[in-house]
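> These are the residues of each chain, in order.
Protein chains: 2
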Amino acid sequence: MRNVSDVSKVRVVVENITPRVDCGRFPIKRTVGEKVLVEADAFTDGHDAVTVMLMYRHAASEQWHRSLMRSIGNDRWQGSFRVPSLGEYHYTISAWVDHFDTWRHGLLKKYEAGQDIELDLRQGAVLAAQIAARAPASDAQLLQDWIHSITDVTRDREDRVTLAQSQAIQELQQRYPDPAIVLRSEESLRVQVDRERARFSTWYEMFPRSTATTAGKHGTFADMERLLPYVASMGFDVLYLPPIHPIGRSERKGRNNVPEARPEEPGSPWAIGAAEGGHKAIHPELGTLEDFKHLIAEAGKHGIELALDIAFQATPDHPYVREHPEWFLKRPDGSIQYAENPPKKYQDIYPFHFESDAAEALAAELRSVIDYWIAQGILIFRVDNPHTKPFPFWEKLIGEVHQLRPEVIFLAEAFTRPKVMYRLAKLGFTQSYNYFPWRNTKRELIEYFTELGTAPVSDFFRANLWPNTPDILTEYLQFGGRGAFMVRLVLAATLGASYGIYGPAFELMEARPREPGSEEYLDSEKYEIRHWNRDDPASLRELIARVNRIRRENPPLQSDRGLKFHATDSDMLIAYSKTGESGADSVLVVVNLDPHNPQSGWLQLDLPTFGLPASGSYQVHDLLSGARFLWQGARNFVSLDPGRAPAHVFRIRRRVRSEKDFDYFM
Amino acid sequence: MRNVSDVSKVRVVVENITPRVDCGRFPIKRTVGEKVLVEADAFTDGHDAVTVMLMYRHAASEQWHRSLMRSIGNDRWQGSFRVPSLGEYHYTISAWVDHFDTWRHGLLKKYEAGQDIELDLRQGAVLAAQIAARAPASDAQLLQDWIHSITDVTRDREDRVTLAQSQAIQELQQRYPDPAIVLRSEESLRVQVDRERARFSTWYEMFPRSTATTAGKHGTFADMERLLPYVASMGFDVLYLPPIHPIGRSERKGRNNVPEARPEEPGSPWAIGAAEGGHKAIHPELGTLEDFKHLIAEAGKHGIELALDIAFQATPDHPYVREHPEWFLKRPDGSIQYAENPPKKYQDIYPFHFESDAAEALAAELRSVIDYWIAQGILIFRVDNPHTKPFPFWEKLIGEVHQLRPEVIFLAEAFTRPKVMYRLAKLGFTQSYNYFPWRNTKRELIEYFTELGTAPVSDFFRANLWPNTPDILTEYLQFGGRGAFMVRLVLAATLGASYGIYGPAFELMEARPREPGSEEYLDSEKYEIRHWNRDDPASLRELIARVNRIRRENPPLQSDRGLKFHATDSDMLIAYSKTGESGADSVLVVVNLDPHNPQSGWLQLDLPTFGLPASGSYQVHDLLSGARFLWQGARNFVSLDPGRAPAHVFRIRRRVRSEKDFDYFM
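Chains as they are written, first to last, in our numbering: chain A, 82 to 747; chain B, 82 to 747.
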């Protein structure tokens with residue numbers, strides 16, 4: 082027979098803690114000041130009461146904070162805490178069988194049933210004395226006083242029962258549970274707390290080389306500075322630049338990606354590395370490091386933060402190739418293996434060989450690239466194709482950067498299979514590109530954003546929605562005309578707390594593909610310098626500015642939580658709302674997904690989402706057009722003409738019949 | 082800057098392994114010979130191929146077996162293994178980036194695109210040489226031969242490409258992956274493998290004291306032996322006896338649970354412990370230990386296994402109270418705390434105090450009770466109210482018993498909240514009572530059995546369905562008459578691979594409650610000796626025998642896997658099928674849930690479940706009535722009269738138009 086010496090006295094069970102990603106392998110993500118709502122199943126054998134305590138602390142502190150969880154039925158408990166500081170928090174659950182609480186509930190029932198409770202009161206005194214023995218002197222004295230009172234047979238029995246039920250004594254005794262029966266859940270779960278911009282950001286992508294005032298001339302950082310007011314006027318707060326490093330000459334691609342560039346062609350900025358330097362150097366035609374730092378500072382004055390592109394790959398001309406050939410894979414003939422996806426070959430790109438014996442030195446060098454740009458003042462990195470580098474490499478790199486600089490934001494540009502995208506988000510990427518460009522129908526949008534909005538995905542994956550990128554000109558935009566651009570703008574800006582556009586191609590509604598069936602732009606800036614007429618009167622810049630102002634002024638649009646789809650009777654009309662944590666204010670968006678034709682139909686709103694009763698009237702205020710409507714109940718009619726405005730962005734105002742309902746009160 | 086020395090070369094990721102219970106905290110359950118179907122997400126960065134290997138072993142063996150998993154799309158992989166032996170198995174997943182496989186796929190694409198592949202063939206030779214260096218001599222030689230062949234430029238190129246694609250070389254090279262890049266999933270998951278009866282069992286509960294031939298006389302084990310043919314004739318293979326121990330005299334309950342028994346009243350068998358002994362003793366009026374062992378042996382001759390009741394509680398007369406007062410909780414006046422659920426008091430029961438300082442000795446003693454009865458030949462225990470004893474106590478006890486005797490079956494009688502019931506199943510109980518008695522409508526049944534049949538619940542919770550117990554006479558049975566008993570019998574026996582009845586109350590359709598609104602039997606055997614007319618011509622014993630024979634002859638009914646509900650157009654008609662692992666044979670059950678009136682309606686069968694095409698005819702053979710019907714397509718009519726037979730239990734026979742379709746071929 083085996084030894085039974087280790088039977089635990091811990092009778093409480095804690096299971097199924099949420100939020101939790103992959104059994105706690107990865108942290109959940111929140112931003113500074115947000116609330117973490119924690120739930121768990123907790124119970125014990127028999128009828129005894131349990132106390133369930135949420136424990137949390139910042140990783141930099143040894144001190145756990147405690148927050149009592151409350152039962153919400155079916156053995157499920159709920160609690161919450163806020164994360165006021167950047168970095169990592171830990172949370173777990175502590176629970177125990179609460180004999181004192183069991184006793185006071187039983188006492189009350191017996192008293193109410195008219196039973197003799199004198200012995201029970203003495204039992205309570207015994208329990209309290211055990212607790213007092215674990216308490217510091219002052220609290221022990223409080224417990225002793227209480228013991229004296231409830232066992233004082235000269236006192237009125239009802240008074241003593243009341244004393245036993247007091248909330249104060251319950252809270253006091255809960256501080257000193259018997260350690261032998263306390264369960265500390267084995268799982269210490271983590272929260273990665275990022276700054277607010279990780280949750281709410283408005284991106285603008287621009288090629289620096291296409292910013293010169295003269296057509297054909299190579300733009301500079303100084304030219305970019307001149308355009309900062311333009312970008313700021315549209316309300317963007319992140320300005321993202323494709324790579325600014327020296328561009329390789331070997332195997333350089335020409336206009337529209339033809340295999341061989343003519344001598345005067347500039348090549349792709351993603352072909353990094355030339356005689357002038359690699360990932361820490363600046364392409365000479367853009368300016369100097371000083372110019373770049375000046376641009377960062379000037380942008381800051383406009384409320385704009387610069388984001389750099391990180392593309393960990395090298396051209397054959399990159400200094401790494403000469404200095405560290407061991408970082409690349411060699412073919413049997415001694416040549417370096419270029420990128421391939423058979424039968425396609427990309428001879429202008431040498432991928433790094435992360436399985437080489439020199440992988441540690443390689444990783445250290447790539448880490449130093451990030452550190453270098455942080456030192457220059459960059460705190461946002463848009464990472465090119467992270468899914469073609471090893472997951473452990475990213476987890477380590479981002480983890481270590483965040484240890485020192487938790488404010489750094491990494492956006493993953495991984496247009497790949499869903500589980501790969503999710504893994505990158507789990508291991509540390511702050512935000513992620515995603516399938517939004519190809520989700521154009523009502524059903525696609527509802528399905529995808531329901532997936533993204535449901536735990537655990539919503540706990541680790543922050544979508545950044547891009548209607549277009551230099552690589553992605555969707556068929557919806559190619560064929561949908563102005564209406565399509567407006568629709569996609571409103572969807573991106575209201576479905577996503579973070580979104581971005583690649584401009585000025587977007588606001589100027591550039592829609593010509595390289596060839597039919599392609600999502601590449603004709604005459605793409607990836608391979609040539611473009612000259613844009615930013616003052617084109619047809620530009621969508623005014624609409625963009627209005628949409629971004631609405632985002633700034635309406636907190637529900639600044640978070641991906643609180644998204645709710647509402648029914649409409651038309652497949653062309655999509656309706657959804659966002660409601661803030663407080664529940665007080667909501668934004669309701671209705672979009673006509675047909676970029677060509679007016680569409681109308683009936684909404685069937687879920688009124689409890691807005692805290693509205695099933696009947697009664699309320700005001701909806703279209704923040705795009707300024708129009709106000711008085712609506713009643715769940716069912717309301719909408720009509721949207723893409724020729725004018727393909728969307729309503731309503732603020733829902735509960736109609737309260739008082740003088741405060743007039744505009745001048747607001 | 083932190084050290085980057087530990088960047089892993091392991092580029093493959095394995096996530097979301099199923100089956101898995103609570104992140105691997107608990108084992109899944111299977112029975113001997115069953116298949117374990119394992120799935121996992123596995124992928125790497127970039128385009129490289131991965132190889133995913135399912136690893137498994139019996140806990141008693143150090144030797145892992147390997148089984149290649151196959152991709153089923155969206156980065157999900159599937160594999161399986163069988164568990165031929167009792168006890169515990171471990172399984173996990175091993176995966177790696179398969180450079181050789183990547184290479185051979187790329188080679189083929191390049192060859193098909195007409196590219197020069199000579200250098201690629203040399204690259205394959207390099208890879209194979211690295212693998213050969215890890216292989217034993219014979220396999221290394223095979224690899225060397227292969228290298229020689231594919232790099233032999235005098236050979237036809239197509240031949241060499243074909244050699245590169247050969248399945249044999251792929252299987253060979255997969256045996257020797259580079260250990261530096263192999264991921265062994267951190268999770269070693271467990272399977273508890275029980276004997277077949279854990280999955281498929283047919284229980285009959287009987288009070289030994291009500292088996293005497295003379296009314297009013299106390300039955301004995303010898304009387305029970307006389308009834309073994311009766312039990313066997315109905316097809317039961319487990320005979321479960323309420324506690325057989327000496328019954329306490331203090332606070333003994335009388336007939337119909339009145340507070341004080343008259344001197345001649347026998348008391349409740351669950352009031353365990355008297356001067357004659359406790360949990361290892363036998364109530365003298367039943368017979369001796371020798372008589373009991375004789376009963377076990379005789380039952381075995383009838384294919385019947387005895388199950389004992391384990392009720393870990395004591396009356397005030399139990400020897401433990403005198404010998405080990407430290408195993409009970411003392412009240413402040415020195416008396417022992419009796420069971421309470423305020424304001425209710427159960428003075429005849431002393432619960433054990435599992436948090437006492439003597440808890441280890443107590444647990445050891447209770448464990449010795451199980452061991453004692455195992456030594457007498459009992460291998461099935463029905464555990465009374467396990468939810469009122471600590472979870473760690475059961476986990477340790479069952480775990481230790483199973484280490485030595487994995488064939489022991491524990492049935493949890495925990496009629497309590499769902500998460501508590503599930504926890505007991507997770508921690509080791511083989512089978513579980515459940516909410517079946519109170520699931521009587523179509524919707525209730527579908528919802529509940531869908532929950533039980535869905536992972537992870539289906540991986541750890543084996544329901545044992547009881548239409549009645551000595552504590553549970555449901556209102557459905559009280560008011561439904563003969564039809565209700567038939568309905569509940571068929572539901573229990575076909576929804577559940579394990580089920581049981583409390584007889585002869587069930588087959589004699591005992592339906593009188595103690596009082597209106599009560600689920601207690603009037604004149605319950607729990608408090609008195611009953612005399613039953615087992616030969617009553619109205620008895621359901623023939624129907625029970627037929628149903629149990631159908632269960633024995635139709636393997637799909639012997640497992641809870643493969644349950645599928647089918648639509649009907651009547652809320653009174655429920656239809657479901659069970660299909661075996663092979664998919665070859667199915668049983669379709671249609672039940673009229675209205676015990677009073679004939680009901681008819683249309684079925685809408687899911688034909689793919691049966692491997693049947695959307696049109697075409699097939700035969701359904703009612704195993705209850707013997708009738709055969711030729712049905713066509715998904716939509717078929719049924720009509721069921723509870724006065725005759727409230728259910729069809731069809732065997733579905735695919736109609737094949739050949740001479741084998743005639744009966745004499747079967």
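Quick caveat, the hints were computed from the structure, so don't treat them as lab data. Given the structure is predicted, the values throughout are model-derived calculations rather than measurements. One or more of the hints may lead you astray.
Same chains, same names: a pair is fine if it fits in one copy or spans any two.
Unchecked claim - Here are the simulated lysine-lysine pairs, BS3-like style, with alpha carbons at most 25 Å apart:
id	residue 1	residue 2
1	K374	K298
2	K190	K90
3	K425	K190
4	K116	K190
5	K411	K425
6	K500	K298
7	K411	K334
8	K477	K361
9	K191	K426
10	K334	K426
11	K477	K90
12	K523	K645
13	K425	K334
14	K500	K477
> The structure should be examined with respect to each hint, and the outcome stated for every one.
How the hints compare with the structure:
{"no.": "1", "hint": "K374 <-> K298", "verdict": "within (22 Å within a copy, 102 Å between copies)"}
{"no.": "2", "hint": "K190 <-> K90", "verdict": "neither (27 Å within a copy, 64 Å between copies)"}
{"no.": "3", "hint": "K425 <-> K190", "verdict": "between (78 Å within a copy, 9 Å between copies)"}
{"no.": "4", "hint": "K116 <-> K190", "verdict": "neither (37 Å within a copy, 52 Å between copies)"}
{"no.": "5", "hint": "K411 <-> K425", "verdict": "within (18 Å within a copy, 81 Å between copies)"}
{"no.": "6", "hint": "K500 <-> K298", "verdict": "neither (43 Å within a copy, 71 Å between copies)"}
{"no.": "7", "hint": "K411 <-> K334", "verdict": "within (23 Å within a copy, 88 Å between copies)"}
{"no.": "8", "hint": "K477 <-> K361", "verdict": "within (21 Å within a copy, 60 Å between copies)"}
{"no.": "9", "hint": "K191 <-> K426", "verdict": "between (83 Å within a copy, 10 Å between copies)"}
{"no.": "10", "hint": "K334 <-> K426", "verdict": "within (13 Å within a copy, 88 Å between copies)"}
{"no.": "11", "hint": "K477 <-> K90", "verdict": "between (40 Å within a copy, 12 Å between copies)"}
{"no.": "12", "hint": "K523 <-> K645", "verdict": "within (14 Å within a copy, 32 Å between copies)"}
{"no.": "13", "hint": "K425 <-> K334", "verdict": "within (15 Å within a copy, 86 Å between copies)"}
{"no.": "14", "hint": "K500 <-> K477", "verdict": "within (19 Å within a copy, 38 Å between copies)"}
Violated hints for the displayed structure, listed by number in ascending order: 2, 4, 6.
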